[in-house]
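S.K.: Counting from 137, one number per residue, gives the positions in the sequence shown under my numbering.
Quick caveat, the hints were computed from the structure, so don't treat them as lab data. Remember, it's a predicted structure, so these values are computed and weren't measured experimentally. We put the beta carbon where it would ideally sit given N, CA and C, even for glycine. Be careful, since some hints might not be right.
[What the hints assert, rightly or not] Here are the in silico distance ranges between beta carbons for each label pair:
no. : residue 1 : residue 2 : range
1   : 327       : 210       : 47 to 55 Å
2   : 446       : 187       : 22 to 30 Å
3   : 210       : 231       : 14 to 22 Å
4   : 277       : 445       : 22 to 30 Å
5   : 284       : 232       : 36 to 44 Å
6   : 460       : 372       : 35 to 43 Å
7   : 269       : 212       : 33 to 41 Å
8   : 191       : 456       : 14 to 22 Å
9   : 444       : 292       : 12 to 20 Å
10  : 231       : 385       : 26 to 34 Å
11  : 216       : 448       : 36 to 44 Å
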Amino acid sequence: MAAHQSASRILPKLAVAATATGGTILTCHHFENQRRILEAKSSDDYGCKSSTVTGALSSLQTSGVAIVDNLRLTPTTINEVMNMPAANTIPTQLKPPKRPQQQRRRGPPGANMVPQDEPWRLSAYGRYHRLENHLGEEDIRVLEQIEQRILPLVQGFFEQEGKGQGSVGGGDEGLESTATRTTSTTTTNNTIMDGIYRSELQLMTAVPGSGNQSWHKDNRARGLSIIVPLVDFTPDNGGTQLLLGSHDTNWPLFANGGARVIHAPAGSIVAYDSRTIHRGLGNETNEGRPALIFCYDRVESPPPGCGTLGSVGTSYQGRLIDILTGARNAVSSENT
């Protein structure tokens with residue numbers, strides 16, 4: 137009898153707790169899945185849009201992100217990219233992962249979903265990447281022509297370190313850069329300037345039905361990542377989502393800007409500090425979302441600059457900031 141009375145008292149409390157927990161989870165899920173845009177056409181979106189390289193460098197310093205108008209690729213150049221040999225094999229739909237028993241290895245989720253010799257690698261469900269070691273000579277030729285266009289931005293970004301506007305160690309003061317502008321912009325051995333090299337060159341796509349990436353940083357140390365959309369980036373097709381100001385823990389910008397999805401036309405030059413927490417979103421349309429990726433880092437601080445535990449920590453940090461800023465913006469909207 138006593139046990140029955142005890143159970144009758146406990147069960148309603150458990151039901152209330154379960155309901156509250158379920159409601160909290162759904163609310164967090166709602167805030168985490170908002171797709172607020174960062175538009176290339178907007179001049180007041182936290183200073184992220186610029187018509188000059190100088191303006192873009194200022195934006196990268198403040199928000200960690202810049203969309204550079206005057207470097208945009210022409211439709212002819214985009215067409216040339218889409219006609220490359222590598223682009224002719226770009227995945228257009230979800231494929232079952234190839235995981236032969238003898239090739240399974242431990243590692244981060246998604247890292248081993250495709251054998252090492254496969255040209256298209258998965259970073260998340262439905263997100264395929266073709267890295268530089270699987271690009272042919274013709275592919276490299278086309279992409280390095282595009283690289284020549286963005287090199288002034290890359291060089292200017294690393295030269296800021298020597299002017300006290302950035303540092304090697306993710307925000308530590310007193311570390312001066314040894315980078316100096318070279319007289320040539322050739323990329324022999326992927327070297328861009330003294331001490332700076334191209335760490336990533338890839339063609340990627342997010343096919344219809346693809347999933348979200350985990351929040352991550354490209355590098356713990358200061359570097360530059362550049363995305364070139366080959367079709368219009370929109371919230372629906374999974375444009376890159378970034379936490380503004382996360383490159384140097386700019387909390388006021390976190391609170392006001394929060395997570396923003398790049399909304400930019402094909403050929404745009406979208407640059408962000410490698411320390412910026414970001415992720416690619418799932419593609420909810422019926423068309424693929426191809427893009428080019430160029431990454432530049434210092435030889436002394438190659439990416440990613442952390443191990444598995446550090447990556448997991450960044451993932452949870454990104455989720456928490458996304459949820460909190462989403463909640464704050466929801467409350468602000470209700471009060472206006």
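S.K.: Name the hints, by number, that the structure is in violation of.
M.R.: 1, 2, 3, 4, 6, 7, 8, 9, 10
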